[in-house]
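Peer 1: If you're matching them up, the sequences are chains C and R in order. The opening residue of the first sequence carries number 1331 in my numbering; numbering runs sequentially from there. The opening residue of the second sequence carries number 44 in my numbering; numbering runs sequentially from there.
These are computed hints drawn from the structure, not numbers from a lab. Hints may contain errors.
[As the list claims (entries may be wrong)] With a straight-line Cα cutoff of 27 Å, these simulated DSS-like cross-link-like pairs (lysine-lysine) come out:
| id | chain 1 | residue 1 | chain 2 | residue 2 |
| --- | --- | --- | --- | --- |
| 1 | R | Lys617 | R | Lys557 |
| 2 | R | Lys557 | C | Lys1355 |
| 3 | R | Lys546 | C | Lys1457 |
| 4 | R | Lys557 | R | Lys614 |
| 5 | C | Lys1359 | R | Lys507 |
| 6 | C | Lys1457 | R | Lys507 |
| 7 | R | Lys557 | C | Lys1359 |
| 8 | R | Lys582 | R | Lys666 |
| 9 | R | Lys514 | C | Lys1459 |
| 10 | R | Lys326 | R | Lys263 |
| 11 | R | Lys263 | R | Lys324 |
| 12 | R | Lys301 | C | Lys1459 |
| 13 | R | Lys682 | R | Lys519 |
| 14 | C | Lys1459 | R | Lys546 |
| 15 | R | Lys519 | C | Lys1355 |
| 16 | R | Lys507 | C | Lys1459 |
| 17 | R | Lys301 | R | Lys333 |
| 18 | C | Lys1457 | R | Lys263 |
| 19 | R | Lys301 | C | Lys1457 |
| 20 | C | Lys1355 | R | Lys514 |
| 21 | R | Lys514 | C | Lys1457 |
| 22 | C | Lys1355 | R | Lys507 |
| 23 | C | Lys1459 | R | Lys519 |
| 24 | R | Lys514 | C | Lys1359 |
[To be verified] Interface residues of chain R toward chain C, partial, derived using beta-carbon atoms under 10 Å:
| id | residue |
| --- | --- |
| 25 | Gly406 |
| 26 | Arg484 |
| 27 | Leu487 |
| 28 | Ala493 |
| 29 | Glu495 |
| 30 | Phe496 |
| 31 | Thr499 |
| 32 | Leu503 |
| 33 | Asp521 |
[Unchecked claim] A few chain R residues that face chain C, going by a derived Cβ cut-off under 8 Å, partial list only:
| id | residue |
| --- | --- |
| 34 | Ser384 |
| 35 | Ala488 |
| 36 | Gly492 |
Glycine is no exception: its CB is placed at the ideal position from the N, C-alpha and C atoms.
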Amino acid sequence: MENTINYNCVMVVDDSLIDRIMAQKIMRKTQFSNEVLTIESAREALDYLKSHLNFPEKLPELIFLDINMPEMNGFDFLNEYNDLPEVIKRKCIIVMLSSSLHPEDHQRALTSPFVCEFVSKPLNAAKLKELLVLH
Amino acid sequence: MENRINSNIGSSQRVQNELIENILEDNKSDQLYFQFNTSQSKAHIGTWRADLPLDENISLFCSDELYRILGFDPGKTVTSFNTLLEVVHPDDRLLVNERMYSHIKAGNNYEIPHRIITVDGIEKVVISSGEIIFDEITKEPLILIGAILDITDRRRVKEALEKSNGELQLLFERIDEVFYSVDMERYVLLQMSAACEKVYGYTVADHMQNPNLWLDIILKEDRNIIYENDVPLRKGENIVQEYRIRHKNGSIRWLQTKLTPTLNENGKLIRIDGVNSDITKRKDVEIALKESEIKLRYLIENSSDGIAITNEHHEFTFISDSMTQITGIPQDELLGRNIFSFFHSDDLMIIQSLSKTLFETPGKPVVFLCRFRNKMGGYKWFECYLNNLLHEPAIKGFVTNFHDITERKNQEDALKVRNEELKKSNNELDRFVYSVSHDLRAPLASIMGAIEFTETESTLVEIKENLSMMKDSARKLDSFILDILDYSRNSRMDIRREVINFKELLNDVRNNLKYMSSDKSSVEIRINIENEIPFISDKSRISIILNNLVSNAIRYHDPAQVNPYVDITIKTNKTHANLVVSDNGIGINEKYHQSIFNMFYRVSKRSEGSGLGLYIVKETIEKLQGSILLESEPGIGTKFSISLANSLEI
Chain C
1331 MENTINYNCV
1341 MVVDDSLIDR
1351 IMAQKIMRKT
1361 QFSNEVLTIE
1371 SAREALDYLK
1381 SHLNFPEKLP
1391 ELIFLDINMP
1401 EMNGFDFLNE
1411 YNDLPEVIKR
1421 KCIIVMLSSS
1431 LHPEDHQRAL
1441 TSPFVCEFVS
1451 KPLNAAKLKE
1461 LLVLH
Chain R
44 MENRINSNIG
54 SSQRVQNELI
64 ENILEDNKSD
74 QLYFQFNTSQ
84 SKAHIGTWRA
94 DLPLDENISL
104 FCSDELYRIL
114 GFDPGKTVTS
124 FNTLLEVVHP
134 DDRLLVNERM
144 YSHIKAGNNY
154 EIPHRIITVD
164 GIEKVVISSG
174 EIIFDEITKE
184 PLILIGAILD
194 ITDRRRVKEA
204 LEKSNGELQL
214 LFERIDEVFY
224 SVDMERYVLL
234 QMSAACEKVY
244 GYTVADHMQN
254 PNLWLDIILK
264 EDRNIIYEND
274 VPLRKGENIV
284 QEYRIRHKNG
294 SIRWLQTKLT
304 PTLNENGKLI
314 RIDGVNSDIT
324 KRKDVEIALK
334 ESEIKLRYLI
344 ENSSDGIAIT
354 NEHHEFTFIS
364 DSMTQITGIP
374 QDELLGRNIF
384 SFFHSDDLMI
394 IQSLSKTLFE
404 TPGKPVVFLC
414 RFRNKMGGYK
424 WFECYLNNLL
434 HEPAIKGFVT
444 NFHDITERKN
454 QEDALKVRNE
464 ELKKSNNELD
474 RFVYSVSHDL
484 RAPLASIMGA
494 IEFTETESTL
504 VEIKENLSMM
514 KDSARKLDSF
524 ILDILDYSRN
534 SRMDIRREVI
544 NFKELLNDVR
554 NNLKYMSSDK
564 SSVEIRINIE
574 NEIPFISDKS
584 RISIILNNLV
594 SNAIRYHDPA
604 QVNPYVDITI
614 KTNKTHANLV
624 VSDNGIGINE
634 KYHQSIFNMF
644 YRVSKRSEGS
654 GLGLYIVKET
664 IEKLQGSILL
674 ESEPGIGTKF
684 SISLANSLEI
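Throw the hints in and build the complete structure from the sequences for me.
Peer 2: Shown next, in the form of structure tokens:
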């Protein structure tokens, strides 16, 4: 694993700067993905996806989505994501990433057809390793 | 009666004699003869005449009526004195013969009642009489004039009369009422029927002896009834009065008296006819009825419930005083009004929806809550019991009990509002705790992420050591936050019942513990589930219990043990689940057993947790109404046995 690139492109949507930086560092180090897109807000993430509709190679295979974010939280993102074209939805797999322990959050996240995993923060090498099976 | 008949015969015979004389003088007078015949026929008297001395075989002069009485065709049969003797009833014949001859011989008139058998065989009762006419000069007996008076019909009437008199007498004596007449001029009891003894216990003779007896035995407190009625009685008015007497046997009886006064031409009371009857039984029933009515009325009027009756058009026909009290609306403002006009319009639908049930099950009350208008125009809440008693002749309507529940309703409403508020603030608090905890945990997670990453980057031992300490502190803080969360979740959240999948639940527990410090991950987690019967309880609470116990077992494992383990055995049955968490860890000294479930209690400096874990376990088990048992010995291990009720039946 250490020597092979696993994903071509993943996206991390998190309002926390440290978390974005750490995610990027860990992913680089573990060569989890060739490219790591870190995005500060759900709105920008949606904009990115929409603007890359015609460049599928630029669309992330995995999206790490934080739940608690200002303005537009993870669930709001999922609602709008639902309306995106099939091309995007087929390509992208969403992993919920949160320190929330609210059982409702957990359940709600997993009921979304686009979410395949719920990962509690902090992200570390071991957790990433488990996600490789999705590839 | 006998005398009258005889005198009739006497006088008729005189008339007859005269007639006969006339006939002798002028027997051609048809008119006279006709009259003679008619009067004989009406009087049922037949006559005959024989010359004396008597020759029994010589034909006699007989009147037409005589032939009829004897059953002959008038004039067709030759009638001799012998013929007359032959028709006499055989049983009477000897006596009649004897007496007749002896009278004739002695020259005496006679009158003999006897029976005859007519030619057609009919038995008749007659009186035969004879009168001898003497020669005025020689004083010799000349002519015997006889008469036969048919008294059969009279006798029959008399017999019937006697029979019916006898029956009347019997009736009179058997009847329970006392009939009596009083001569008020002389104040004398004229007559009194035998029932007197039954009614008073005193005989007629007792009353005759003491004309005041009837008054003496009337109870003193009832005598004024007699005195009051004396005035109208003397004016000639019929009186009906009821009063009590003391019977001869000492018992008190109710009497009803009906008096009919008779006044003379001067308006003076001269006679009273009365009927007294014993009405004790009726009176007792009446009094009992009255008492029960009074009792009922008392109950109705003193009830805190209002009671109303409405007819088939839903108009009030009866209102209890209590109804007026609780609504403040006077009876006359309710009577005749439609009950629906007093209900709150929002409640009419509910009431109308009940009408079907009401009509289908008469006699069975339907219960509903509604608002009823009061005097001030406001509304009061009532719990109503509405009963269809249209079929009851005494009611012929709907009976409604109004139970004022305004206060209860207000309290209920206030309670509901407060409950809602509490629920809301509880939810808000819950949400708040989670948000805060998230906000606390998120940066903590970032710190841990950064530490972990740096650990892998750095090769310097000292830095690694420092980072490890930082990580332990951060983790401790995190588990402290989690404990507080668990505590708040347990104390405020309602119990949610669902089927517990222990396998899944323990998997989650195992996953949660996976990232505990690496040197402790060597503790083997053994899971043993015998869960054949579905177990229903609160999943998140059971999760809290097991998380804490298993993490304690890992945290306090015995490093000296070759095979450190924690064993989780779960057995369920219909009523309970037994969860046993045992380990071969360091164990707990018995002196701490009492205290380890206390809040913030930590056994030693070695204790790593917040001191909340076992407290939360205990609290959570209490919430689920279960029990926990601790067995532990230092150096050997610890065993927690938990019993939780299965909510399968609920």
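Peer 1: Hey, does the Leu487 (chain R) contact hint survive, CB to chain C under 10 Å?
Peer 2: holds, 8 Å
Peer 1: Does the CB of Phe496 (chain R) sit less than 10 Å away from some CB of chain C?
Peer 2: Holds, because the Cβ-Cβ distance from Phe496 (chain R) to chain C comes to roughly 6 Å (cut-off 10 Å).
Peer 1: For the hint on Thr499 (chain R), does the least C-beta distance to chain C fall short of 10 Å?
Peer 2: The hint holds - Thr499 (chain R) has a Cβ within 10 Å of chain C, the shortest such distance being about 7 Å.
Peer 1: Restraint: Ala488 (chain R) near chain C, CB-CB cut 8 Å. Satisfied or not?
Peer 2: At 4 Å from the nearest chain C Cβ, Ala488 (chain R) passes the 8 Å test, so the hint holds.
Peer 1: Is the straight-line distance between the alpha-carbon of Lys1459 (chain C) and that of Lys546 (chain R) 27 Å or less?
Peer 2: holds, 24 Å
Peer 1: What's the verdict on Lys507 (chain R) and Lys1459 (chain C), does the C-alpha distance respect the 27 Å limit or exceed it?
Peer 2: Distance of about 23 Å is within 27 Å: holds.
Peer 1: Holds or violated: Arg484 (chain R) as interface residue toward chain C, Cβ cutoff 10 Å?
Peer 2: Constraint on Arg484 (chain R) satisfied, holds at 4 Å.
Peer 1: Is the interface hint for Leu503 (chain R) satisfied, with its Cβ closer than 10 Å to some Cβ of chain C?
Peer 2: Violated - the Cβ of Leu503 (chain R) stays beyond 10 Å from chain C, reaching only about 18 Å at its closest.
Peer 1: CA of Lys582 (chain R) to CA of Lys666 (chain R), is that 27 Å or under?
Peer 2: holds, 13 Å
Peer 1: Lys1359 (chain C) and Lys507 (chain R) were given as a pair; does the straight-line alpha-carbon distance stay at or below 27 Å?
Peer 2: holds, 18 Å
Peer 1: Between the alpha carbons of Lys1355 (chain C) and Lys514 (chain R), is the straight-line distance 27 Å or under?
Peer 2: OK: Lys1355 (chain C) and Lys514 (chain R) at ~18 Å, within 27 Å.
Peer 1: Verify the proposed pairing of Lys514 (chain R) with Lys1459 (chain C), using a straight-line Cα cut of 27 Å.
Peer 2: With a Cα-Cα distance of about 21 Å, the restraint between Lys514 (chain R) and Lys1459 (chain C) holds, given a limit of 27 Å.
Checked against the numbered hints given earlier, the structure breaks hints 1, 12, 18, 19, 25, 32 and 34 and satisfies all the rest.
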